[in-house]
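Given these sequences and hints, build the entire structure.
There are 2 protein chains.
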Amino acid sequence: MPPHSGSDHPAIGIVGLTAWGLGLALTYARAGNNVLLLARESGEADELGERRSHRRLPGATLPDGVCVSVPERSRARELTALILAVPSQQMRENLRRLAPLLGRETAIVSAAKGLELETRLRMTQVIEEELNPGFSPAALSGPNLVPEIVAGLPAAAVLASEDPAVAARLQALLSTPRLRLYTSPDVAGVEIGGSLKNVIALAAGMCEGLGYGNNATAALITRGLAEIVRLGVCMGAEAQTFSGLSGLGDLMATCSSPLSRNHRAGKLLAEGLSVGEVERGIGEVVEGISTTAAAYELSREHCVDMPITEQLYCVLYRQLSPRKAALALLDRALTPELRS
Amino acid sequence: MPPHSGSDHPAIGIVGLTAWGLGLALTYARAGNNVLLLARESGEADELGERRSHRRLPGATLPDGVCVSVPERSRARELTALILAVPSQQMRENLRRLAPLLGRETAIVSAAKGLELETRLRMTQVIEEELNPGFSPAALSGPNLVPEIVAGLPAAAVLASEDPAVAARLQALLSTPRLRLYTSPDVAGVEIGGSLKNVIALAAGMCEGLGYGNNATAALITRGLAEIVRLGVCMGAEAQTFSGLSGLGDLMATCSSPLSRNHRAGKLLAEGLSVGEVERGIGEVVEGISTTAAAYELSREHCVDMPITEQLYCVLYRQLSPRKAALALLDRALTPELRS
Chain P
1 MPPHSGSDHP AIGIVGLTAW GLGLALTYAR AGNNVLLLAR ESGEADELGE
51 RRSHRRLPGA TLPDGVCVSV PERSRARELT ALILAVPSQQ MRENLRRLAP
101 LLGRETAIVS AAKGLELETR LRMTQVIEEE LNPGFSPAAL SGPNLVPEIV
151 AGLPAAAVLA SEDPAVAARL QALLSTPRLR LYTSPDVAGV EIGGSLKNVI
201 ALAAGMCEGL GYGNNATAAL ITRGLAEIVR LGVCMGAEAQ TFSGLSGLGD
251 LMATCSSPLS RNHRAGKLLA EGLSVGEVER GIGEVVEGIS TTAAAYELSR
301 EHCVDMPITE QLYCVLYRQL SPRKAALALL DRALTPELRS
Chain Y
1 MPPHSGSDHP AIGIVGLTAW GLGLALTYAR AGNNVLLLAR ESGEADELGE
51 RRSHRRLPGA TLPDGVCVSV PERSRARELT ALILAVPSQQ MRENLRRLAP
101 LLGRETAIVS AAKGLELETR LRMTQVIEEE LNPGFSPAAL SGPNLVPEIV
151 AGLPAAAVLA SEDPAVAARL QALLSTPRLR LYTSPDVAGV EIGGSLKNVI
201 ALAAGMCEGL GYGNNATAAL ITRGLAEIVR LGVCMGAEAQ TFSGLSGLGD
251 LMATCSSPLS RNHRAGKLLA EGLSVGEVER GIGEVVEGIS TTAAAYELSR
301 EHCVDMPITE QLYCVLYRQL SPRKAALALL DRALTPELRS
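Residue numbers (our numbering), protein chains in the order written: chain P, 1 to 340; chain Y, 1 to 340.
Warning: the hint list may mix true and false statements.
Said to hold, decoys possible - Derived contacts from chain P toward chain Y, CB cut-off under 8 Å, selection only:
# : residue
1 : LEU145
2 : ALA156
3 : TYR212
4 : LEU225
5 : SER243
6 : GLY249
Claimed, not checked - A partial selection of chain Y residues facing chain P, derived with a Cβ cut-off under 8 Å:
#  : residue
7  : ASN144
8  : PRO154
9  : ALA156
10 : TYR212
11 : ASN214
12 : ALA216
13 : ILE221
14 : LEU225
15 : SER243
16 : LEU245
17 : ALA253
18 : SER257
Read the hints as simulated data drawn from the structure, not as lab findings.
C-beta: ideal position from N, C-alpha, C; glycine also.
This is how it looks when you write it as structure tokens:
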């Protein structure tokens, strides 16, 4: 990574006009950085560059420090770090477009919380396949509800990289007074925790939407975290990573807040909306929907028992009624099979 | 334990007209059991026996299966199991009164979530000191918000006993279709998890009351569980117990529900109320207040770093302002010292 220059040239680039991409651009610009925010099309880049506001950032104005562009028009090659905040299923196509435009000196960070449906790969694995990065790619994950970040409330997240030197340099570059980062060498654990918590958030939202209370939902979430850990360990993660901010912490924020898209989506499923209607109702990608399919396939591949993921898979892809699924989910959650 | 007789004589006794004592009496009577509910004074026993309603059970009526009495007037000696649902600081005096009235065939179960302030003992340790029970005492703990239990919503909890045979027999006796129990041999872990989560719930309520969002609160709770585990392991508990219903599960329900007394108490502290005013405002014992003092002493005794417990202790007992404490708490929670 080149040293963070004192010039006007942005050291931090962000790809994606998602809520999180916009939120991160705001965060780093507010902390005094020049930020390069990369959109997919020049039309939307120009519009945002001029209007400085976006429907995914209600009430907020993009600070002057944010320069909006598209990859081909930008000086992406000179960035110290590039954060990818695109939907997981669009990660690969974004990387293919960026590949010829990036230098080997730029550290690549995934801020996407999902798995690639077709390959079931984690985002940093997709990055390694598509780019030839000079440094091991990093993952950024944690309890970061975007509306709270935009409102200036404090938060923390994990910056994971297999290379401790990269992790330390990214921690220094990407920590702000309002978004504290701590490092972890367990990239797999951080990415799996961040992705699979959305499956549990969908299930918890569904149970809540059906009128089960906090007691039953707490039992469900407890069992949900246990099944994430079971799969994660089979995929090479450390069990204790899931007790940290990117596992338990993110699950706690996602399941206790009406601001969470995945949690809201679960409630809409409970109301009888179809998957398509839910996605249209939320108005943004609901990562948990594709992650559920990927996690279901992974559970079969690794022979791991994941009853909550399985029931949710049947609701999303096999027309099982949410009420029947919730009864089965709670039945499992209320009689934990491993310990009774 | 004598076999559960088919006669009218109650097999299950419950001590304490606390919300949880009343909720348990209701639960077991609804499931078809005759229940002996023991009050402190004959006046209140007679009144409840006649009116069949209680201010701590809003909207609910005590089923006919519940017989209300006082220990000296009852046939407590013939009970199969006696559940103590009294405030933790009153456990010892209750046991001293009950001691001459109990037979060695009755299994004793603590449903209290706290530590004795003066001795820092867990409730089953107090039971062992005061009674000469024929069986190792058991602990019942989990995400069991009483208003939801009273409303008939499903829940699960852990029944812990060092003796697997006692645990299995109590599981069979005390499980109902709406309150599923699973067993654990880790009595210390279950009791410490159930007690100390109230400290974290107070801290989380305080941060929420001060306007910090779900991101920061999730970080705080994550660090809170980590400090409970650190102390618990020093006190002989198994780390993984805290990832189950009596640790993570209970913390999740307590911190995400406005029904939790300890969580509400934290919010009132944030509003500037004194400890006395908070207890009067809640109208029932707030276990987390005395547990914070016990946990603080234990952390010093075992040389365990418990920053959240320490800050809360200073608010409750050393006149530290909630805002200053919250800033220090979040500062610690947002930069986890063990991993950065």
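Taking the hints in turn, this is what the structure says about them:
1. LEU145: Holds: closest Cβ of chain Y sits about 5 Å from LEU145/P, inside 8 Å.
2. ALA156: holds, 4 Å
3. TYR212: Since the shortest Cβ distance to chain Y is 6 Å, the answer is holds.
4. LEU225: holds, 7 Å
5. SER243: Status holds, d = 7 Å.
6. GLY249: holds, 4 Å
7. ASN144: Holds. Min distance 6 Å.
8. PRO154: holds, 5 Å
9. ALA156: holds, 4 Å
10. TYR212: holds, 6 Å
11. ASN214: holds, 4 Å
12. ALA216: With Cβ-Cβ at 5 Å, under 8 Å, it holds.
13. ILE221: holds, 6 Å
14. LEU225: For LEU225/Y, the interface hint holds, since the closest Cβ of chain P sits about 7 Å away, which is under 8 Å.
15. SER243: holds, 7 Å
16. LEU245: The hint holds - LEU245/Y has a Cβ within 8 Å of chain P, the shortest such distance being about 6 Å.
17. ALA253: With Cβ-Cβ at 4 Å, under 8 Å, it holds.
18. SER257: This hint holds: SER257/Y lies near chain P, its Cβ roughly 4 Å from the closest one there, short of 8 Å.
Every hint, counting from the list given before, is met by this structure.
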